[in-house]
Amino acid sequence: MTDTSETIFDIRDIRVTFATPDGAVEAVRGVDMNVKAGETVAVVGESGSGKSQIMMAAMGLLASNGRVEGSVTYRGQELIGMPREKLNRIRGAKVTMIFQEPMTSLDPLYTIERQISEPLRVHGGLSASAARARALELLKLVHIPDPERRLKSYPHELSGGQRQRVMIAMALANDPDLLIADEPTTALDVTIQAEILGLLAELQKKLGTSILFITHDLTIVEAFADRVYVMQHGNVVEEGKTEDIFQRPTRDYTKMLLAAEPEGSKPPVPDTAPILLDANDVSVTFSMPSGFLSPRFELKAVQNVTLSLREGQTIGIVGESGSGKSTLGRALLQLLPSEGRVVYQGTPIQGFDRAAMRPYRRNLQMVFQDPFGSLSPRMTVGDIITEGLLVHEPQMTRREREEAATQALREVGLEPAVRNRFPHEFSGGQRQRIAIARAVVLKPTVIVLDEPTSALDRSVQKQIIALLRDIQARYRLSYIFISHDLAVVKALSDYTIVMRTGRVVEEGPTGDVFRAPASEYTRDLMEAAFNLKKVLSRQASARA
Amino acid sequence: MTDIATNVPEAAADGQMASRSLWATALLRLRRNKAAMASLCLLVIFIFAGVFGPMLAPHHYAKVYPDFVKVPASLEAYPREDAIIPEIESVVTRARLDLGSVELDGSTLRVEANSSREIDPRVTRYFDRSDLFSNARVVEQSSNGRSIVLAADVERLHFIFGTDANGRDLLARILISVRISLMIGVLATGVALLIGVLYGATAGFLGGRIDNAMMRVVDILYALPFTFFAILLVVFFGRNIVLMFIAVGAVEWLDMARIVRGQTISLRRREFVQAAEALGVNSGGILRRHIIPNTLGPVIVYMTLLIPKVILLESFLSFLGLGVQEPLTSLGVLISEGARNMRGAAYMLLYPSLALTLLLFALNFLGDGLRDALDPKDR
Numbered sequence: 037m038t039d040t041s042e043t044i045f046d047i048r049d050i051r052v053t054f055a056t057p058d059g060a061v062e063a064v065r066g067v068d069m070n071v072k073a074g075e076t077v078a079v080v081g082e083s084g085s086g087k088s089q090i091m092m093a094a095m096g097l098l099a100s101n102g103r104v105e106g107s108v109t110y111r112g113q114e115l116i117g118m119p120r121e122k123l124n125r126i127r128g129a130k131v132t133m134i135f136q137e138p139m140t141s142l143d144p145l146y147t148i149e150r151q152i153s154e155p156l157r158v159h160g161g162l163s164a165s166a167a168r169a170r171a172l173e174l175l176k177l178v179h180i181p182d183p184e185r186r187l188k189s190y191p192h193e194l195s196g197g198q199r200q201r202v203m204i205a206m207a208l209a210n211d212p213d214l215l216i217a218d219e220p221t222t223a224l225d226v227t228i229q230a231e232i233l234g235l236l237a238e239l240q241k242k243l244g245t246s247i248l249f250i251t252h253d254l255t256i257v258e259a260f261a262d263r264v265y266v267m268q269h270g271n272v273v274e275e276g277k278t279e280d281i282f283q284r285p286t287r288d289y290t291k292m293l294l295a296a297e298p299e300g301s302k303p304p305v306p307d308t309a310p311i312l313l314d315a316n317d318v319s320v321t322f323s324m325p326s327g328f329l330s331p332r333f334e335l336k337a338v339q340n341v342t343l344s345l346r347e348g349q350t351i352g353i354v355g356e357s358g359s360g361k362s363t364l365g366r367a368l369l370q371l372l373p374s375e376g377r378v379v380y381q382g383t384p385i386q387g388f389d390r391a392a393m394r395p396y397r398r399n400l401q402m403v404f405q406d407p408f409g410s411l412s413p414r415m416t417v418g419d420i421i422t423e424g425l426l427v428h429e430p431q432m433t434r435r436e437r438e439e440a441a442t443q444a445l446r447e448v449g450l451e452p453a454v455r456n457r458f459p460h461e462f463s464g465g466q467r468q469r470i471a472i473a474r475a476v477v478l479k480p481t482v483i484v485l486d487e488p489t490s491a492l493d494r495s496v497q498k499q500i501i502a503l504l505r506d507i508q509a510r511y512r513l514s515y516i517f518i519s520h521d522l523a524v525v526k527a528l529s530d531y532t533i534v535m536r537t538g539r540v541v542e543e544g545p546t547g548d549v550f551r552a553p554a555s556e557y558t559r560d561l562m563e564a565a566f567n568l569k570k571v572l573s574r575q576a577s578a579r580a
Numbered sequence: 149m150t151d152i153a154t155n156v157p158e159a160a161a162d163g164q165m166a167s168r169s170l171w172a173t174a175l176l177r178l179r180r181n182k183a184a185m186a187s188l189c190l191l192v193i194f195i196f197a198g199v200f201g202p203m204l205a206p207h208h209y210a211k212v213y214p215d216f217v218k219v220p221a222s223l224e225a226y227p228r229e230d231a232i233i234p235e236i237e238s239v240v241t242r243a244r245l246d247l248g249s250v251e252l253d254g255s256t257l258r259v260e261a262n263s264s265r266e267i268d269p270r271v272t273r274y275f276d277r278s279d280l281f282s283n284a285r286v287v288e289q290s291s292n293g294r295s296i297v298l299a300a301d302v303e304r305l306h307f308i309f310g311t312d313a314n315g316r317d318l319l320a321r322i323l324i325s326v327r328i329s330l331m332i333g334v335l336a337t338g339v340a341l342l343i344g345v346l347y348g349a350t351a352g353f354l355g356g357r358i359d360n361a362m363m364r365v366v367d368i369l370y371a372l373p374f375t376f377f378a379i380l381l382v383v384f385f386g387r388n389i390v391l392m393f394i395a396v397g398a399v400e401w402l403d404m405a406r407i408v409r410g411q412t413i414s415l416r417r418r419e420f421v422q423a424a425e426a427l428g429v430n431s432g433g434i435l436r437r438h439i440i441p442n443t444l445g446p447v448i449v450y451m452t453l454l455i456p457k458v459i460l461l462e463s464f465l466s467f468l469g470l471g472v473q474e475p476l477t478s479l480g481v482l483i484s485e486g487a488r489n490m491r492g493a494a495y496m497l498l499y500p501s502l503a504l505t506l507l508l509f510a511l512n513f514l515g516d517g518l519r520d521a522l523d524p525k526d527r
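Line by line, the protein sequences give chains Z and F.
Going left to right, the first sequence walks through residues 37 to 580 as the working numbering numbers them.
Going left to right, the second sequence walks through residues 149 to 527 as the working numbering numbers them.
Bound-form chain Z, shown alone (with noise of 0.2 Å):
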């Protein structure tokens, strides 16, 4: 960690380009990046800054329309251009990457046992049972619990942690000098996150590995990395040690970055404000019929949830994946089957098929979690603004439509010229953009929103937050806010909810919720969210 010790990788003024249809597009634009021993080295940017491309092209693992030029040296080898076979040596055993999904990473046909192991004897030359002993000492070292059992499990017999450890596992199964770890934490759990990276720490103690540590997520790297790069556009724009950048940033999109936390609050409305929509023991389970010779299953994915939403207010339900909020969410806008009673507006809504439904559905909005997957990608923007305008107001006319829609996208801040144009030629911010203005045009009085900035960077997630609030505001609307993000609830709702399993945990005003948790679950979550850095140190401490 000192400055005397070697670099282990250099990068030199490497560029990637991809050629497409429009021309070639310059992804990476000259970057100069190096990793010394035993170093952890955080590479920060928003999605589209080249931040991971560059590591592709360093491993040769471009896609076939990307072109790579510079220099990128392990221990004075040349990456770049080297043979297949040559370089197949040093990647997988020197320098190993590990990924974001850990779903899709682990080939579902073969046990952990045969994963971990084939790299062992295939690089390695192990025996069989020397490559097993090595692949239950690698599983205990990554802390999997009851390891000789796991051997035998296949990947989908593992929760998302396990399954990223297991990775790992596999990533250190040749001792490499560099770890390249892709945005590992990403799809995890905050509080699965901070193991995850309380385990990296502690292996790079023990082992002496460098970490490249690629993310977009600055409470990580203010946590656990001590150089960070900072990129925009294919360029690195700032770089240099953790505290210097953190403290003093020079740099306007540094500074942005750093600013980019999700921030304010949201006034509690009136005890006196009219109740909208009123759910009462809410249940929703999920079964699967008894089969052949199988008995009959069930999951139950909420159980007995009650809330009532006030007009003006907004309802934060916070959970880790597999919580249940989500299922909460369209159970009470009747897109699921459930149980208990739900009312609106004086008039209970439960149980009503999609006929009894139509005419509360443009009162009773929702915007999806995924803005990619929520806009049919053979629709015009104007065609998906104004769908629900052709359900809930037949009578309007073409014109009148186009109208709607201009003035719904000038609401959400786009310009009304690109009504014209296709989901697929809009970034991630602009179509929950879209999204949004698809459920304002209807004039809703309340909207369901499922995790709408999780798929966003932090700095577009400001603007939407920001946008969301002035909606809310202009229209007296009320929101049920989901989110796993705390920082987010945190900023818009003034009531928050925490589930588990399912279940209420703790529920009060976000205020008191925040300030004061009363459940061990909730302390766990806000500790993983906010104050990442004392985890870890707890954790390095409980192992030492």
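Just so you know, the hints here were simulated from the structure itself, not pulled from any lab data.
Be aware that a few hints might be false.
Covered stretches of chain Z, as calculated for chain F (at least 3 residues, CB under 8 Å) [stated by the list, open to error]:
no., stretch
1, 402–409
2, 419–429
3, 468–482
The following label-pair restraints were derived from C-beta to C-beta distances [what the hints assert, rightly or not]:
no., chain 1, residue 1, chain 2, residue 2, range
4, F, ILE394, Z, THR321, 43 to 51 Å
5, F, GLY433, Z, ALA99, 33 to 41 Å
6, F, LEU342, Z, THR321, 38 to 46 Å
7, Z, SER490, F, GLY433, 23 to 31 Å
8, F, GLY410, Z, GLU299, 43 to 51 Å
9, F, GLY433, Z, PRO384, 25 to 33 Å
Predicted model only: the values in this text are computed from it and were never measured.
Every residue gets a Cβ at the ideal spot worked out from N, C-alpha and C, and that includes glycine.
For chain Z, the structure is supplied; the task is to place chain F on it using the hints.
Frame of chain Z; chain F shown alone:
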């Protein structure tokens, strides 16, 4: 997608860049595929040949030339010169004349003949009596009447692909059979497309028991042996082109229905369909605006691969003698006839097979190119 996204946010937001739908992007990708573009050109040629060819062909496809049965393919005109000269000699001998010189100029024949006696001008009748010559006339007779110059028209016909066993022009027959094959290909595919897409989308969208029942019907229809089904239809209703469509279409929509159903089930879970549901759009609207347009990519690809399959199926049925009726013909019938005459007249097999092969090649390459263009991630 292996291609990296090119839609930089600024580009889309400033409204300067021309809007490009997914179809336009697919077309752009298709244009870069040389094999597919060559196939497309060839296909256009085939379509023109099928539509206008029979009108422009020198012979009608059903016209029989009894004199020219199974004449081999040749660029020369029929009857050939070495067939005309002996005929002239025999005619002149029958007319009791001595042949002087013979000149063949295109389709007019000039014959000089002498005799020891005076020649009667009605000698032209001998020429007209022959099948080869018509409109024989005296051009010039010497003053003593003993030598005469006669002219006669010879009908000379071109059979560049030869003629079949009944003396019909093979070129004209290939052109009409291309028309029939393309027509069957397009119509039967259209029938399969219509039934298959509607059936598959409905089954996939409704799901549950209805889906189950609908797909079991498909399974049962799959179990029917196609050839027996076709033979049965022919036995009951006689040979008929319409029957062909029904037979082929009734079998081919099954695959289409399965493909569309699979697509629909995966689309149904997509968020944009859920979003439409949350807007209160009814099932018909979701099917029409969201599901069907999004299944269209794979459907178009499957369609281009279905057309050659149908053509081949029709050829197979025609080969078995269950297909189109004489004098109409199809590529399958022509190939079947050619196969019977393979030893004596190889060209009768060669040209129809060549036409069919080229057509199938073009359609398959185009289908392949379209698949690459529409789902680049599958590459």
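Results of checking the hints against the structure:
Counting residues of the stretch 402–409 of chain Z whose CB falls under 8 Å from any CB of chain F gives 5; the rule of at least 3 is met. Counting residues of the stretch 419–429 of chain Z whose beta carbon lies closer than 8 Å to any beta carbon of chain F gives 6, which meets the minimum of three for the stated coverage. Proximity of the stretch 468–482 of chain Z to chain F, defined as three or more residues with a beta carbon under 8 Å from a beta carbon of that chain, is established by the 3 residues found. Between F/ILE394 and Z/THR321 the C-beta distance comes to about 48 Å, which sits within the given range of 43 to 51 Å.
Between F/GLY433 and Z/ALA99 the beta carbons are some 37 Å apart, a value that agrees with the proposed interval 33 to 41 Å. Taken as a hint, the range 38 to 46 Å holds for the pair F/LEU342 and Z/THR321, whose Cβ atoms sit roughly 41 Å apart. At about 29 Å, the CB distance of Z/SER490 to F/GLY433 agrees with the hint of 23 to 31 Å. The given range of 43 to 51 Å is respected by F/GLY410 and Z/GLU299, whose C-beta atoms sit roughly 47 Å from each other.
Our hint of 25 to 33 Å for F/GLY433 and Z/PRO384 holds, since their Cβ atoms are close to 27 Å apart.
In summary, this structure violates none of the numbered hints.
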